[in-house]
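In this note's numbering, the protein residues as written are 105 to 262.
Derived from the structure by calculation, the hints contain no laboratory data.
Straight-line C-alpha distance at most 30 Å; calculated DSS-like pairs for lysine-lysine: (1) 171 x 154; (2) 154 x 224; (3) 171 x 224; (4) 157 x 224.
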Amino acid sequence: MRFLMSGVFALIVSATMAIAQPMAPRAGWQVFNTEIAYSDLVSSLEAAIKAEKMGLVTQASASAGAKAQGIDIPGNRVMGVYRNDFARRMLDASFAAGIEAPIRFYITENDNGGARLAWKTPSFVFAPYMEEGGDELRTLAAELDDVFATIAARALAE
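Could you build all of it, start to finish, from the sequences and the hints given here?
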């Protein structure tokens with residue numbers, strides 16, 4: 105088991121070594137390269153999430169994990185954001201869509217000292233469930249698109 109975990113960690117570290125490179129445009133993603141320092145953008149995003157009355161449900165950082173093992177890689181943090189009332193509405197519309205919550209922001213450190221903020225739009229995340237979820241899920245996804253855009257705008261303005 106220990107060998108397996110070491111192998112998984114090595115794969116994560118190898119994958120995150122490329123994070124400082126530019127992120128190619130992708131369907132359904134919003135990507136903003138900034139001159140804001142990585143740690144400042146993390147703090148600004150946390151404050152923006154709270155200001156929009158959303159919950160920071162999960163966090164993971166390959167760079168923090170690597171640092172704890174004496175390895176230095178570019179800053180990298182995934183922050184899962186959601187709120188219970190949205191969760192209930194989502195599950196009422198499509199139980200299968202529950203696997204997609206929380207929806208995540210991705211902050212990565214750039215080579216120039218700035219950071220990048222990226223996320224998949226909720227409409228894109230929930231697209232595979234739209235037939236099942238119908239108008240209720242479409243409405244929810246559109247509301248969340250606005251919430252996530254507002255959070256990002258707040259974080260990038262601070």
